[in-house]
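Asks: Each chain, written out:
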Amino acid sequence: MLKSLHIDPDKCTGCVQCELACSYENEGVFNVAKSRIRVFRFHDEGRVVPYTCTQCAEAWCMQACPVAAISKNPDTGAMEVSDPVCVGCKVCTIACPFGTINYNQSTGKVIKCDLCGGDPACAKACPTQAITFINADETGMGRMRQWASKTDAGQSASAAQA
Amino acid sequence: MAWTRKILRVNLSKGTCASEPLNNDWAAKYLGQRGLATKYFVEEVDPKVEALSPDNKLIMATGPLTGTTASTAGRYSVITKGALTGAIACSNSGGFFGNEMKNAGWDMIIFEGKAATPVYLLVQNDDAQLVDAAEYWGTSVWDTEEGLKAKHQDPMLRVASIGVSGEKGVKFACVINDMDRAAGRSGVGTVMGSKNLKAVAIRGTLGVSVEDPAAFMDAAAAGKQVLADNPVTGQGLPAMGTQVLMNVINETGALPTRNSRDIQFESAGKISAEAMAEPRASDSKANLVTNAACFACTIACGRISTVDRTHYTVKDRPEYQKASGGLEYEAAWALGAATGVEDLDALTFANFICNEQGIDPISFGTTVGAAMEMFEDGVITTKETDGLELKFGSAQALTDLVELTGKGEGFGAEIGLGSKLFCEKYGKPELSMSVKGQEFPAYDARGIQGMGLTYATSNRGGCHLRSYTVASEVLGIPEKTDPLVTEGKAGLVKAFQDATAVVDSAGLCIFTTFAWSMDDIAPQIDAACEGDWSVENLMEVGERIWNLERQFNLAAGFTGKDDTLPKRLLKDAAKTGPAKGLTSGLDKMLPEYYELRGWTADGVPSNETISRLGL
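Sequence lines, in order, name chains A and B.
In terms of the working numbering, the first sequence opens at residue 1 and continues consecutively.
In terms of the working numbering, the second sequence opens at residue 1 and continues consecutively.
Just so you know, these hints were derived from the structure itself, not from any lab.
Quantities reported herein were computed from a predicted structural model and do not represent experimental measurements.
Just so you know, not all the hints are guaranteed correct.
[What the hints assert, rightly or not] With a Cα cut of at most 20 Å, we get these calculated SDA-like pairs of lysine to any residue: (1) B:K285 - A:K3; (2) A:K124 - B:A323; (3) B:K149 - A:A33; (4) A:K124 - B:T205; (5) A:K109 - B:T205; (6) A:K3 - A:P74; (7) B:K588 - B:D519; (8) A:K11 - B:T481; (9) B:K322 - A:R47; (10) A:K112 - B:K149; (11) B:K391 - B:V226; (12) A:K11 - A:K124; (13) A:K124 - B:K588; (14) B:K149 - A:F40; (15) A:K112 - B:T500; (16) A:K11 - B:Q235; (17) B:K322 - A:A33; (18) A:K124 - B:M217; (19) A:K11 - B:G236; (20) A:K11 - B:E211; (21) B:K480 - B:K391; (22) B:K6 - A:K112; (23) B:K322 - A:F40; (24) B:K285 - A:H43; (25) A:K124 - B:V226; (26) A:K11 - B:Q225.
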């Protein structure tokens, strides 16, 4: 079963614990500037939104790479960058419609979310369950359930019978 | 590790920026942030210096945990001689600026001298330069922050700046970072303005490392679990913010009202957390939009609010109809109860302006309260107030004055003197609800006796963030004590003061201590930092910091006689509530406190204490 990161911005407080966990996992230090997941604050609307790679099947980054440095991990479904192969040409950063693959000046390679090999640190670090790691086929179930609870169809039917 | 071991020294007179190594011996004795920066400050600055003189210095300092994953570890402090007080000032702020400074590779930035013309400091990792700030001088914090991000094409730039108030010498100007987080008290922004320093803009991408990463991750995770499991930090603060206190403190009979003439506010409920969550008539939306976290904070007590779009303060001003930093308890009390104003939207608007122009709502609201009392008593009239009807409860007077004070204009410049100078100017010094020149906050010392001793002995003047005995006396943390008695409060205050000095020096937020004891904090510091950071050592560090600050104030000219309270709290009995008939029993607590501190009967640290603490 493939799992996906599921992000619910309504639950996000903007604490950036996900960014801290991501940078520690991948860089060995706390450095939110190098995090693969980023939290954006829209101050005037009072909203914060965590954003990262969704591991899309189209994988424009992978298609655009001229040296085949990006490949799909069959176990996790994540598109992963091979550092020894990456030449730092940044074509992938242009190809990705979402901007979730970025160049890292200190290594000369690109970085993106690789789901931490199947156990993403960001989801574990999130204190409010705004980021969860769940069955890839059911990322909409929470929202469906929320709307289902609001429907009055069941009540109307029983009211009509009475 | 934990410390970057580097200091940025900025000489504004010469226009130079230079890197120098951290004094490691001092770091081992004073930890970081508040403690370590104070050590630098007292070593470098003449205690008699005028606060607004170029010879005063201003230090922005992070703690060793700042920038790490420890919960709330994003704090920085501004240390200087306070413009409001003439005492040592140390104002602590959250948001994201502290982390950025640490990630740029700096434990602290020391500003000295005065720039010939307005400048801002731009720091991009190792690169630091002073840049002409002519285009930002005269603009608000909000415009400065947005302008700098646009100019440098970097939305991730973190900015700490002053508003027009700080430029104009309003005595309680703040340094504001991230739009609505404040190094709020004692006029640290006024000092910044006196140096012609408009802003500090930082981008840091170097990373922060710790001494023992595995042990640190375990200790930080354990700490976060304690916060999540605690009802105050896990539920109360995220849901209601510090405003959870408004009704509680009112019922305790310790809500200073109308310049402390009263001790309970009949409209407390209208300006409380509960009121902020209620849908309003005009648009069915609540004042509170959401809660928000500072860097690394797993509590998330911050309030994001809107003003009702139909309210008189904003109806023709769309720029104030957006969401922004909402009312915390101290601000809601100072803008509301202290002035008798019960209009939640007016208070929220006033709070926005406090953020936009960088003024401390506690000092502002209290000074307005004093002015209202003088107006009602006929001491001042519309002649002095430029026509403003300064009656208790007038929302219009409050919102007019916050805009005037934010810009240091008209009668707002008078309010900008702070209550001590203002009340002295009009011959009523006893009406200033301040200690050492700084207005005390939202806990009446008659209804919560420990807070009287807290205010009287606070090294930065009237303040709740030096020993929050409310935790014990009202909330029962770590154990319940009776707020109406003086017995045992001297020891309580000393313990809170020393522990708070540690938290303020580590890079952590004091609100963690609703749940954390030193036993939760020490393992995190110990794993992150080189050296021995046991609970015992840390408490000694805290005591050392407290005495260092005290020594500075004594050398600056303060004496034990300044460890006192406004006459109103000492002589006028509380009229209502559980404390009815009581005054502050400060005289019963102070001698015992001096003794526990190892100070003389005059409040001077004894030679034995100085030598024991290695001062």
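Asks: Given the hint that A:K124 pairs with B:A323, does the C-alpha gap stay at or below 20 Å?
Replies: Roughly 30 Å between the alpha carbons, so the hint for A:K124 and B:A323 is violated.
Asks: If you draw a straight line from the CA of B:K285 to the CA of A:H43, is it 20 Å or shorter?
Replies: 18 Å, holds
Asks: Against the 20 Å threshold, does the CA-CA distance of A:K3 and A:P74 hold or violate the hint?
Replies: 12 Å, holds
Asks: Measure nothing beyond the straight line between the CA atoms of A:K112 and B:T500; if it is 20 Å or shorter, mark the hint as holding.
Replies: 41 Å, violated
Asks: CA of B:K322 to CA of A:A33, is that 20 Å or under?
Replies: 28 Å, violated
Asks: Need the status of pair A:K109, B:T205: alpha-carbon distance at most 20 Å?
Replies: 16 Å, holds
Asks: With the threshold set at 20 Å, check whether the alpha-carbon distance from B:K480 to B:K391 stays at or below it.
Replies: 39 Å, violated
Asks: Does B:K322 pair with A:F40 here, judged by a C-alpha cut-off of 20 Å?
Replies: 17 Å, holds
Asks: Would you check the hint for B:K149 and A:F40, treating anything up to 20 Å between C-alpha atoms as holding?
Replies: 15 Å, holds
Asks: Hint check: B:K149 vs A:A33, CA-CA at most 20 Å. Holds or violated?
Replies: Roughly 16 Å between the alpha carbons, so the hint for B:K149 and A:A33 holds.
Asks: Measure nothing beyond the straight line between the CA atoms of B:K285 and A:K3; if it is 20 Å or shorter, mark the hint as holding.
Replies: At roughly 37 Å apart (the allowed maximum being 20 Å), A:K3 and B:K285 break the hint.
Asks: Measure nothing beyond the straight line between the CA atoms of A:K11 and B:G236; if it is 20 Å or shorter, mark the hint as holding.
Replies: 16 Å, holds
Of the hints listed earlier, those the structure fails to meet are numbers 1, 2, 4, 7, 8, 10, 11, 13, 15, 17, 20, 21, 22, in rising order.
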